[in-house]
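Engineer: Put chains V, U and P on the given structure of chain D with help from the hints.
4 protein chains.
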Amino acid sequence: MIRVGIVGGTGYTGVELLRLLVNHPQVEVAVITSRAEEGVAVADLYPSLRGHLDLAFSVPDVDALAACDAVFFATPHGVAQAMMPSLIERGVRVIDLSADFRIQDIAVWEKWYAQAHACPELVPQAVYGLPEVYREQIKTAQLVACPGCYPTATQLGFLPLLENNLVDASDLIANAASGASGAGRQAKVDNLLTEVSDSFKAYACGGHRHLPEIEQGLRAAQPAGATEAKLTFVPHLLPMIRGIHATLYANLTDKSVDLQALFEERYANEPFVDVLPAGSHPQTRTVKSSNMCRLSVFNPQDSDKVVVLSVIDNLTKGASGQAVQNLNIMFGFEETAGLDQVALLP
Amino acid sequence: MIRVGIVGGTGYTGVELLRLLVNHPQVEVAVITSRAEEGVAVADLYPSLRGHLDLAFSVPDVDALAACDAVFFATPHGVAQAMMPSLIERGVRVIDLSADFRIQDIAVWEKWYAQAHACPELVPQAVYGLPEVYREQIKTAQLVACPGCYPTATQLGFLPLLENNLVDASDLIANAASGASGAGRQAKVDNLLTEVSDSFKAYACGGHRHLPEIEQGLRAAQPAGATEAKLTFVPHLLPMIRGIHATLYANLTDKSVDLQALFEERYANEPFVDVLPAGSHPQTRTVKSSNMCRLSVFNPQDSDKVVVLSVIDNLTKGASGQAVQNLNIMFGFEETAGLDQVALLP
Amino acid sequence: MIRVGIVGGTGYTGVELLRLLVNHPQVEVAVITSRAEEGVAVADLYPSLRGHLDLAFSVPDVDALAACDAVFFATPHGVAQAMMPSLIERGVRVIDLSADFRIQDIAVWEKWYAQAHACPELVPQAVYGLPEVYREQIKTAQLVACPGCYPTATQLGFLPLLENNLVDASDLIANAASGASGAGRQAKVDNLLTEVSDSFKAYACGGHRHLPEIEQGLRAAQPAGATEAKLTFVPHLLPMIRGIHATLYANLTDKSVDLQALFEERYANEPFVDVLPAGSHPQTRTVKSSNMCRLSVFNPQDSDKVVVLSVIDNLTKGASGQAVQNLNIMFGFEETAGLDQVALLP
Amino acid sequence: MIRVGIVGGTGYTGVELLRLLVNHPQVEVAVITSRAEEGVAVADLYPSLRGHLDLAFSVPDVDALAACDAVFFATPHGVAQAMMPSLIERGVRVIDLSADFRIQDIAVWEKWYAQAHACPELVPQAVYGLPEVYREQIKTAQLVACPGCYPTATQLGFLPLLENNLVDASDLIANAASGASGAGRQAKVDNLLTEVSDSFKAYACGGHRHLPEIEQGLRAAQPAGATEAKLTFVPHLLPMIRGIHATLYANLTDKSVDLQALFEERYANEPFVDVLPAGSHPQTRTVKSSNMCRLSVFNPQDSDKVVVLSVIDNLTKGASGQAVQNLNIMFGFEETAGLDQVALLP
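One line per chain: the protein sequences are D, V, U and P, in this order. When we follow my numbering, the leftmost residue of the first sequence carries the number 249, and every step to the right adds one. When we follow my numbering, the leftmost residue of the second sequence carries the number 249, and every step to the right adds one. When we follow my numbering, the leftmost residue of the third sequence carries the number 249, and every step to the right adds one. When we follow my numbering, the leftmost residue of the fourth sequence carries the number 249, and every step to the right adds one.
The following block holds chain D by itself, in its conformation from the complex:
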């Protein structure tokens, strides 16, 4: 049994962490912080937790957090980097769900997040928390930077193609769509039901912060000498709460490959990646509330084009579920501990 803390527990990734952790056999949630809700019982803010958790929000306190075996940051970007040195120094293992330590190139991070990085010295030791690529490094990491939601769905879809250099990496497209929970629990007119429901739109077509993160991940997966991966990324907003669907396009450079076999083999031993039978189309509802990523691969009209479909729950595999998966790896627990929920369907 380990004791964990959560910094910034009032948002959707916070409550999702709690949903998963309160039934985790080896974890006790010891601390959950929020300045705005100090003293409020978590179950008063999120009645879904009534009967499952008897804990109140407290003001972030380094001593209380340092007394935990692991600390999750479920905060907006900028917060984790400010508190990180004091926790790292005291030996706490940290899993950061925010964007603060995902990008290794500080200049790139600062450009896309439009602020100075408060803690560049710790970035090099941050391990990118995509277990399907970095499982070994995660085992011993002290600081894990959990991938973003779009980056998770997109990288898992492209990886088999890029690792084997089977496509023209200079012209990749990710057409992705997310449920509204991706925007978080913030009071903005743009996120009202009356504005978002019963409609669909692209956004950030000129450039989204997840683009550099995805490109970094894709490039790291390429063999030496391959043309550097370059992505066009267009996110869209779905009129629903949970779910990400990525439709990925690339041009095959080698048409002889058996795409279905390639994908099945790549993920044969992955507990949270499921390659669907040939011809199937994954639906986001088949992963709702689950940590699974489901994938399909197509070669339409026998052309040069390969189309990969990838679905995750943005709050689970796209955030808090993956964070728990990382925790399990870091502490030597069963990788699926606390993550065995069947997707909620219908």
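It should be emphasised that the hints constitute simulated quantities derived from the structure, not laboratory data. All values reported here derive from a predicted model rather than from experimental measurement. Any given hint could be a false lead.
Which copy is meant is left open, so a pair is good if it fits within one copy or across any two.
Claimed, not checked - Calculated pairs, DSS-like style, for lysine-lysine (alpha carbon to alpha carbon, straight line, at most 27 Å): (1) Lys359 with Lys436; (2) Lys478 with Lys359; (3) Lys387 with Lys359; (4) Lys387 with Lys503.
Structural biologist: Chains V, U and P in isolation, oriented as in the chain D frame:
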């Protein structure tokens, strides 16, 4: 570890049973039947179960079912009553999610379901599977008739008032609303997204089959000599998948009672009934995917009127979750086994 | 052709007024005000109006408004009452969509709206803008107070019963549900898609501001000597944008009446009230975007209970459409001018 | 005033035609056919039309249809081609909303629709009803084949680029998403609210029937000598009723062009195509219930990639609205007659 069978596993209560049972620590799903889908892997029909269940639908077979410790019926009305005698005779314990054995008065059943009852002789021994009232009888029952979804939400809301004879029982109103999954997985124009979403309506205002079931349950809860409970019941259809919300109205005959305390005391030891703090309004999303019923009680403007708000997930506490709760009671398992999921919020 | 102004045009009742007025054959929208969006083209805020309206928001200015033949207030409560004297004095005819002039008893208004009324002297001359009751007075009114959304649906449903003293007026129930646009276009966490969609709840069960407005209207409809109407009102929030559904309950004091005929006769000449055939259930989608109210009346199980179902679009007949209907009556236009849209179905 | 008939009026394109035509100043709907609903009042099937239309469905009868000035086919594919010769011969002008006459190459049609074409001899005279390209031919056409919904959104987005040969036409991608009304009003499990809502998926990734129609249209728009347009088309299903959003990708061969100006000039005189200001993202809700197509064009990160966003209401500009637009052109009416509705927002 017991072996269970499910008759009629292709519908929504069937897949919901599977969602709960595949993670139940003391249950193995051994048989699942469907004539239409014989030989099809369950996970092919419901991809949410991929990786959780390796079982195919089979044609209903009494021998195979009789080899189970318990059998669930997740069938339309009329099916369970036809197969019941052969299973009961062979000692199998049966949990029927359909309406076949809920109503003790055969004439009433036959009137509302517009057909002859095929097995009236077993009706008297059927125990009504509402644990909050019949827990003791359920422990030893061979045949449990699980309550309907509306009846569960409505009875749990009215029980404290009727058991204590605090309202005019001759004038009760249940204004209830259900998600579309209550109509099942049937190909009907009326249930298309294009017909049901983005709209709201009452239905069956002239009389719904759950009315006699609710009245039977309410009357059974009344003390001797009380005026017989009589209900006006108007169901409505919500543009969403899961959830029932019942708004209950009655006229207080004794205004001195502390309603909040009454409800809290009645359900103090119930693992799946949660009385919210005074002034709270339960939301269906706080019970989505969970077996919990959440209740609030109001006395608006200090009038004679009492208003009770009651929410459940119609597929969980309103059907398959309650069925598993009954199984746990029948077999002496922890009552919450397999039912500890936190509601999916957001 | 008359010139109209709209004060507070950035909210949902504002844009709904524009949707209707830009195609009104006898109206030109000359002024639309907003302090926050001064100088912004209306079609930039609401792209649905691109190509239909070439007008920018301006700061409220009494001279500009006084140059209009009619002025609509589509503002939060408190705004209209502050500006009203200067406009009334200059002879402008005003249609107020807010709650400022709906309630004749100033003390009641001040209690429910928790502030002092800034302009009590004009309240007596305000005509309540429910054309089905006050058409004659509206024709010559200078100040029309448009009914709220719940009050419109509720009063139209109860009127035939109360006007003819056919029910026990002391025990009326209105169980109503509204789409989320009823909460307006305000940045609040409670109104986010992630909080409101895929869920259902009651709210304000202890008392809603529309209660005194409804009771005032119902009482005014009763014949002399009748027991004063008293209502229990429970509003609910629907996971959709538009539509109100009211389910009304009362106890018949005279069971001999032909309810269907009563309702059909009451509304035979009303262009915007449609009594459905006996046995039908109105759906909110049959009035979406239209100014129609559709009604059904039931007498379930031949009991003493009468159940009336009433649907409107909360932004149209419940707000802006009714405002235009009032304008038409006030200026002698065809009552249906600008209001002939067919509901958007599917 | 012309008299029109509608064959197959029970589906969603049928009721959408009626919504538009009952308020068309120069059109009287004289006949509406349905074998299944013969004798049923249209307003009984679609209560939204109560008070707007007093007409009953009749069995299709050539004489009755031939007495109309124009006949719309709102039927599944295969129906129009069977009845077409008798109507064409008698001089009726026909607007076919189905796929029967959209594709000029009979072999292609027969391959994708998997049946023999019953009337290949009339295909050459059919004019493709996309007014933005074929307005002149439509004026005098006797038979107009209305474009499909995806083809309308996709072609309007690609046209400016292809007509001017600015992109590599051999590698076009259309990633499109449609509301569920695109699947029609058919009783299928796959279209139930419980299956489709709260989820998102791609479908027909291996090949959709609209692909050859789109490619035919794109190729017709190319200048002589250009590389033949080749499209990868992946449709997706949105959890909502109305709306199509197409996200189009191509590689620029000439980066010097001013894309915003190109699009604005191309559509400057089109009443139903609206090019949004640079940097805007069109939302489907800004065209809901309207005949408008709204477009945006992007050049992300100043790369070679051009991204076009295109939204329509699939039942209006994607079907019935465009059909009325064609009728207006054919009969010399104002092109916008009956089509001046403002989109329903919110």
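Engineer: The structure should be examined with respect to each hint, and the outcome stated for every one.
Structural biologist: Right, here's what the structure says about each hint:
1. Lys359 with Lys436: within (24 Å within a copy, 31 Å between copies)
2. Lys478 with Lys359: Intra 18 Å, inter 37 Å, cutoff 27 Å: intra-copy only.
3. Lys387 with Lys359: neither (31 Å within a copy, 55 Å between copies)
4. Lys387 with Lys503: Close neither inside one copy (37 Å) nor across copies (48 Å); limit 27 Å.
Hint check: violations occur at hints 3, 4; the rest are consistent with the structure.
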